[in-house]
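The chain contents come next:
Number of protein chains: 2
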Amino acid sequence: MTTHPVLIDGQWRPSTGKKFFHAVNPKTMEALPDQYPISPWSEIEEVLQAASRAADIVRHWPGSRFAEFLETYATMIEERAESLVAIAHLETGLAVQPRLKDVELPRTTNQLRQAAKAARDGSWAEPTIDTATNIRSILAPIGPVAVFGPNNFPYAYNGVVGGDFASAVAAGNPVIGKGHSLHPETTRLFAEIALKAAVATKMPNGFVQLIYRTSHDDGEKFVSHPLLGAVGYTGSRSAGTVLKTAADRVGKPIYLELSSINPVYLLPGALAERGAALAEQFSTSCLMGMGQFCTNPGLILMLAGPNTEEFIRLTVERFRAAPVGTLLGESVQKNLHDGIKTLVAHGATLLTGGSTGGGAGYSCQNTLLRVTGKQFIKSPEALQTEAFGNSSLVVVCESAEELLAATHGLEGNLTGSLYTAESGADDALYALIEPVVRQKVGRLLNDKMPTGVAVVASMNHGGPFPATGHPGFTAVGFPSSVRRFGMLQCYDNVRMARLPAALQDKNPTGSTWRRIDGNLTQSDVPAKT
Amino acid sequence: MTTHPVLIDGQWRPSTGKKFFHAVNPKTMEALPDQYPISPWSEIEEVLQAASRAADIVRHWPGSRFAEFLETYATMIEERAESLVAIAHLETGLAVQPRLKDVELPRTTNQLRQAAKAARDGSWAEPTIDTATNIRSILAPIGPVAVFGPNNFPYAYNGVVGGDFASAVAAGNPVIGKGHSLHPETTRLFAEIALKAAVATKMPNGFVQLIYRTSHDDGEKFVSHPLLGAVGYTGSRSAGTVLKTAADRVGKPIYLELSSINPVYLLPGALAERGAALAEQFSTSCLMGMGQFCTNPGLILMLAGPNTEEFIRLTVERFRAAPVGTLLGESVQKNLHDGIKTLVAHGATLLTGGSTGGGAGYSCQNTLLRVTGKQFIKSPEALQTEAFGNSSLVVVCESAEELLAATHGLEGNLTGSLYTAESGADDALYALIEPVVRQKVGRLLNDKMPTGVAVVASMNHGGPFPATGHPGFTAVGFPSSVRRFGMLQCYDNVRMARLPAALQDKNPTGSTWRRIDGNLTQSDVPAKT
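Chains R and X supply the protein sequences, listed in that same order.
Sequential numbering of the first sequence, starting at 3, is according to the working numbering.
Sequential numbering of the second sequence, starting at 3, is according to the working numbering.
Rather than coming from a laboratory, the hints here were simulated on the basis of the structure.
Be careful, since some hints might not be right.
Same chains, same label: a pair holds when it works inside one copy or across any pair of copies.
[What the hints assert, rightly or not] Below, simulated PhoX-like cross-link-like pairs (lysine-lysine); rule was C-alpha separation at most 25 Å, straight line:
#1 29 to 336
#2 103 to 343
#3 198 to 376
#4 530 to 450
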């Protein structure tokens, strides 16, 4: 049995922790042989100090240095793709193809390269210069960033390679990755590659570090530590809110992605025009990857009527016919089953599924539940319990007024989808519902399921609480996701040679956008006349 | 005796509250005749509902509508300048000239006009369009904003006219102003003018509202209410952190400006070159307006030596010679005196002053304290107690190492100033100290006192906690301060006619900067070929 070390200050070192955990193969429900340490506080403090030293060293490096690291890392990952796919499949049960190999890994290296581009360009930092007062400001590296990766994306959101990691590095910050306990070996392998890339591109020791787990108390101390600049967290609402409280108490920026059930409205005209196609789209979106996506459509809202009944009938058929895969782990199975029980306890009826099992290892039947609009309005909070996985709740409302009232009861979500008739028959209802949905979601979709998060500048993978902790930020999309990890630093009357390069008169790249005397420009500061 | 109404939903209405308070003339320490209500919860809820209705109405209005309101308001304020100055002088004791009439009121109308410009331009909202995926996003109005104004700026930070107000409106949000109890009549008069401007520019009822005071419990309910979009708060650290906790718990964005002692480093070469001039600069900055500025220099750090002693001697002389004015109120006098006592209790020595009185009404002697670097390092928290007013603490360190250690003990501040020799004699010490100071302050100054906050795009009136609640934002400077009140809203595959104007293919103003397919441009989306 191998006991894995932690990555501290540029070295793989045996942990000083005395407690360990194993990963589990979710398909066999058997523990994998290797064990990983739970880091004690003294070790976390060492990590923080090493990260702080690294931050001091790189603070004024040009963006190109971080870009080189990110690009080298991406290339090295591609060279190790086979191992990464094999390990992640073993630990998570996610399909090798297309999911891990063809979708998530390319997305992850693409993110690293987009982050590199943002770092090299430097415009994300919004350099701003006022010549009359000689005041200049920029979003500078915020300090070491702790990134807590979730269970459901072993690559794209992983603490040592995912979107928060890439964004934090692009902003010029060292990262302390907190691996997820369901895929420690995948995370370890990324950290191994990251360290090689860091050495190859001459990043300082402590620029990328990895710990696997902490006690709950130490987690709270960690996210509120003075040496930490910010936190990125993707995971459960319960653990996330505990960390949020600890960080908020000391004004430490913490960016969270917590929970989202992603309401989908199928308005009557759309159902009349293309109900069968919608049943197919919805079933595919809801069951893909066993429904283990942050943007999984967990709530369908419709008006009562024969087309709605037909949609439901077709969907139940599809849910029954679709194969049941493997969930990420025992905790996911338990939370999903508990979630379904909570929905039933508050008046939802099972249309199909509802029991654990049905697939290899940890699994749960494809589950569809139904509830009346009246019932939803009565217990909005309980009926928005996230049943994370291959499950969804249909809300059937008797009238537009009831649909509107149910909508008013929605919590914050990452996404909200509205399907309407091509003919315009749903436009009045859209006009009634959309303004309410709009304020409750980060991304509003038309005629499209919410799964599938394009990594483009305009993406918002964010939304009001409890989807995230602040509705002004996105976790996906460059350069916008980078600014979360910048601290606004103003220089007032500071001598030219002491200014960061991006604030000196000469444009350091020749192409960085800066706001000079109120105007966006890529030029140098004009010479005084 | 007049009992003043509150401004709710476009109407001045008698409050339903049963409790009232009076303003006090700080120069006479006598209560002014009028009384103002403490609003009960039912009234606050009405205010929230009216603001929410107003938000629904204006959500998609072009920025020019908000600009017209802001500009009309600024003009109407100038027409009432005389009354505003007279009332604010009576309530706050601040000098009519230059302070209120020549400095703060022009700054305030200037802020409104700069906010108007940002609103009209629309670039602050960072419209972003990706044509290949047809995903588009923008910072949209976050919802009604509650603005809590502080005691020390009756105009420029006032809840119904100051910087947070202007920023929230420029972002397209209704504002609920919470007046400060030390200047209710000033605030009432602004609200009266704001209502006239709102009517003249056809803003909806409930776009600007005013309440004066709430119970502590209701304050917490208010800032965490589902109908509220965000909060801007400038005031004491104790009340601010209570509101922060309440808002954070439900993920409500709250932007705070809490406390700051604004360390000033006078390095040995600078003292040798121009010690007497520095004593004059520092005394002027520290005593101006009785030191009641967020950026007042409350902590001076120096190395021991004859020039340091001479600086202290000259400063004591100036502090003794300078007239003592009037503090804003009894609470300010009490907090200042308590702060001085705390500093003394933790090892600081009084060089001059220290007692209440010495001026008309509420006042305190100009106070200078001194402490050793060793003592400061031993009790950094207590010795950073904010003694808000005409008081400052000198820290004399024995060595560069001690100065560095003291610097490591600093909390987050709005500003940090470093004075160095023109000759370059202090450059090594600057290089040692600056990186540590830089991460702890929002604005770093060279050879300049921190008082005086220019309203320019590059200004950062912000900084790490406890100066503010998040180091990525500024409360002063357009357009940057506006983005605090935007919520990131993404539109995925949404039909063109349903998009906000700024995200449609045509650039709505012809000059708004948008990021289209990765490039910043003022052009329309190119027609498909």
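So, going through the hints one by one against the coordinates:
In this assembly of identical chains, the alpha carbons of residue 29 and residue 336 lie at most 25 Å apart only when taken from the same copy (15 Å versus 68 Å across copies). Taking the closest pair of Cα atoms, residue 103 and residue 343 never come within 25 Å of each other, the shortest separation being 35 Å inside a single copy and 66 Å across copies. Taking the closest pair of Cα atoms, residue 198 and residue 376 never come within 25 Å of each other, the shortest separation being 58 Å inside a single copy and 44 Å across copies. Taking identical chains as interchangeable, the C-alpha atoms of residue 530 and residue 450 lie at most 25 Å apart only when they sit on different chains, with a minimum of 22 Å there against 54 Å within one chain.
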